[in-house]
Amino acid sequence: MLGDAELEALDAQLGDFRVSSTKHHDILQAVIQKYGTLLESYRTLRSDYEEEKESRERYKKLSREQVRNPFVLVLVDGDGYVFNDDLIRANAEGGSNAAQLLNSCIREYLPRVLKDSDQCRIMVRIYANLAGLSKALSKAKLVGPEKRSLAPFAASFTRSQDLFDYIDADDKKEGADFKIREMFRLFAENSQCKHIFFAGCHDTGYLSLLTPYRGKADRITLIRTRAFSSEYTSLGLGIVDFQTVFRTFSLPIMPIAANNGTKNVLPIQPQSPIIDHKLLAANTTRICKYFQIGNCRFGNTCANAHIFLDGRRATVPETNILPWGGLGPTMAAQGNPITWKPPNFVQPLPMDGTQQRNRDNLTDDLPISTPQTEGLIPVNKDGERLDTVIPKPAPEEWSIYNQRVKQQKPCNNFYMRDQCLIHNCTLDHKPLEPGALHVLTYILKGYPCPRKGRCRSTDCYNGHICQKNGCYGKGCRLNYYMHSMDPKVADWVMPTSLPGTDDSSEKSPTESLEEMMSPVGGAPV
23 MLGDAELEAL
33 DAQLGDFRVS
43 STKHHDILQA
53 VIQKYGTLLE
63 SYRTLRSDYE
73 EEKESRERYK
83 KLSREQVRNP
93 FVLVLVDGDG
103 YVFNDDLIRA
113 NAEGGSNAAQ
123 LLNSCIREYL
133 PRVLKDSDQC
143 RIMVRIYANL
153 AGLSKALSKA
163 KLVGPEKRSL
173 APFAASFTRS
183 QDLFDYIDAD
193 DKKEGADFKI
203 REMFRLFAEN
213 SQCKHIFFAG
223 CHDTGYLSLL
233 TPYRGKADRI
243 TLIRTRAFSS
253 EYTSLGLGIV
263 DFQTVFRTFS
273 LPIMPIAANN
283 GTKNVLPIQP
293 QSPIIDHKLL
303 AANTTRICKY
313 FQIGNCRFGN
323 TCANAHIFLD
333 GRRATVPETN
343 ILPWGGLGPT
353 MAAQGNPITW
363 KPPNFVQPLP
373 MDGTQQRNRD
383 NLTDDLPIST
393 PQTEGLIPVN
403 KDGERLDTVI
413 PKPAPEEWSI
423 YNQRVKQQKP
433 CNNFYMRDQC
443 LIHNCTLDHK
453 PLEPGALHVL
463 TYILKGYPCP
473 RKGRCRSTDC
483 YNGHICQKNG
493 CYGKGCRLNY
503 YMHSMDPKVA
513 DWVMPTSLPG
523 TDDSSEKSPT
533 ESLEEMMSPV
543 GGAPV
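According to the working numbering, the residues represented by the sequence shown are 23 to 547, in order.
For the record, the hints were derived by calculation from the structure and aren't laboratory data.
Certain hints may be false.
Unchecked claim - Straight-line Cα separation of at most 20 angstroms, PhoX-like style, residue types lysine-lysine; simulated pairs:
id	residue 1	residue 2
1	LYS137	LYS238
2	LYS403	LYS510
3	LYS428	LYS452
4	LYS474	LYS510
5	LYS431	LYS452
6	LYS45	LYS56
7	LYS496	LYS474
8	LYS403	LYS474
What the hints assert, rightly or not - Cβ-Cβ distance ranges computed for the label pairs, FRET-style:
id	residue 1	residue 2	range
9	GLN441	ALA327	29 to 35 angstroms
10	GLU418	LEU229	48 to 54 angstroms
11	ASP140	LYS403	41 to 47 angstroms
12	GLU79	ILE49	41 to 47 angstroms
13	THR255	LEU67	51 to 57 angstroms
14	THR44	ARG78	49 to 55 angstroms
For glycine and all other residues, C-beta sits at the position ideal for the given N, C-alpha and C.
All chains should be modelled from the sequences, with the hints used to inform the complete structure.
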């Protein structure tokens with residue numbers, strides 16, 4: 023039998039075994055738990071990997087599609103960017119030529135701003151008021167008199183290239199602006215659209231659209247035209263000229279050459295807005311009052327005499343008369359186009375009595391319309407719109423006008439724009455005497471245009487500059503801005519706000535003769 027010592031030794035061994043077995047069991051349980059956790063982590067990682075792999079495949083597929091169909095977008099405000107004269111005159115053929123020319127210019131410029139430019143297609147979207155633009159170009163003798171005479175040009179432009187569209191934005195106000203803004207927003211962040219050429223820099227209203235992309239010359243390029251606003255240069259975007267495509271100068275004025283071919287300029291006699299009606303009445307030939315206010319449509323064929331405000335008769339062909347009534351210098355020998363400073367729209371000087379402009383003989387500097395400037399808008403060196411001189415009506419004209427007003431107030435839109443869109447309009451639409459029409463035109467120029475110097479509407483009949491000699495704004499309806507502008511014409515520009523889009527209010531003036539002849543109360547004198 024085992025002794026006590028042996029039993030104690032065996033008991034100690036059994037205890038050690040129990041401790042060792044318990045420790046082994048704990049270790050085994052820990053290993054099993056860790057293994058289970060490892061399996062769970064593996065399953066999670068595998069799921070994430072599969073999702074990432076699937077996402078990566080989708081991204082690769084999308085990237086391949088984007089690389090497969092890259093394009094550049096050309097956005098054009100057709101109301102402000104007009105194609106060159108030779109293209110417009112060619113009608114349908116000109117539309118096709120314009121598309122090919124624009125495509126070539128874009129294709130030639132692309133390598134400067136884009137790698138692999140040869141793989142990009144070119145998409146062009148031109149939005150314009152086709153009816154209004156046709157009317158303006160018809161007045162410039164570039165298209166026919168039909169309401170939509172530019173339609174064949176636009177249709178041919180659209181047909182010539184698969185991604186080129188010349189779209190009629192209708193005659194609604196800001197119709198083209200709305201379309202251009204939405205198209206720009208749609209493609210500005212589109213990765214397939216590699217670059218945008220923007221042709222709308224004649225209108226500062228687009229500045230807010232482009233400001234978020236300041237400095238992104240690799241993304242946006244501005245197309246310059248003659249009415250390019252200097253404010254766009256601060257955006258830090260690329261600027262390109264397509265002079266062979268878009269008009270870069272106004273319609274040419276053909277002056278008279280000097281006898282010996284030198285560049286002499288005939289002196290312009292001082293002008294006065296006051297017409298001696300008694301002297302004019304003594305002439306056997308009637309004076310064309312429409313010529314003096316710039317509304318005669320008959321030119322050299324007019325049966326009445328064309329007399330300037332200073333009494334000079336238009337004895338030379340009117341195509342050789344500068345807009346302000348003087349004779350121009352010889353330009354044929356120079357061979358250089360008239361240069362143009364982009365509109366600056368500087369703020370007018372404060373009317374503090376020391377820095378104000380001398381207005382004692384203001385009307386001597388204001389422009390006068392001639393048949394060749396019909397449909398064009400006079401602007402000064404700062405790009406601000408001016409008004410042609412409206413002579414002060416004679417007392418007998420005021421009498422005729424006041425008699426008509428006592429019977430019924432005249433409809434401004436009907437007499438100034440040749441149309442009245444108000445159903446059952448209660449104002450006068452009967453034929454108006456020339457004298458009464460002169461007074462009505464004179465009165466309406468005494469009401470300020472809301473757009474001030476930025477207005478480019480051909481049928482705006484409100485005032486853009488005060489024409490009253492010696493008036494510095496006190497008691498005048500026209501604000502100080504319209505008293506501090508430079509009155510000298512620098513150029514005659516094409517309209518960018520076309521007929522039917524002007525926002526002048528329709529109201530009929532009821533001023534009496536005494537009120538309008540008085541310098542008090544803001545009445546024109």
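Pairwise hint evaluation, LYS474 against LYS496, where the allowed Cα distance is 20 angstroms at most = Cα-Cα ~18 angstroms, so holds.
20 angstroms limit on alpha-carbon distance, applied to hinted pair LYS137 and LYS238 = It holds: about 16 angstroms lies between the C-alpha atoms, which stays within 20 angstroms.
Is 41 to 47 angstroms a correct range for the gap between the Cβ atoms of ASP140 and LYS403?
-> holds, 43 angstroms
Within 20 angstroms, alpha carbon to alpha carbon, are LYS428 and LYS452?
-> At roughly 14 angstroms apart (the allowed maximum being 20 angstroms), LYS452 and LYS428 satisfy the hint.
Note whether the CB distance of GLU418 and LEU229 lies within 48 to 54 angstroms or breaks it.
-> holds, 50 angstroms
20 angstroms limit on alpha-carbon distance, applied to hinted pair LYS403 and LYS474 = Between LYS403 and LYS474 the Cα gap is close to 15 angstroms, so the pair holds against 20 angstroms.
51 to 57 angstroms as the expected CB spacing between LEU67 and THR255, which holds or is violated = holds, 55 angstroms
Given hint LYS510 paired with LYS474 - CA-CA distance at most 20 angstroms | Since the Cα atoms of LYS474 and LYS510 sit roughly 16 angstroms apart, the hinted pair holds (cutoff 20 angstroms).
THR44 and ARG78, beta-carbon distance inside 49 to 55 angstroms?
-> Given about 51 angstroms between the Cβ atoms, the range holds.
Could one say that the CB atoms of GLU79 and ILE49 fall in the range 41 to 47 angstroms?
-> holds, 44 angstroms
Given a hinted range of 29 to 35 angstroms, is it respected by the beta-carbon distance of GLN441 and ALA327?
-> holds, 30 angstroms
Are the Cα atoms of LYS403 and LYS510 separated by 20 angstroms or less?
-> Between LYS403 and LYS510 the Cα gap is close to 8 angstroms, so the pair holds against 20 angstroms.
Checked against the numbered hints given earlier, this structure breaks none of them.
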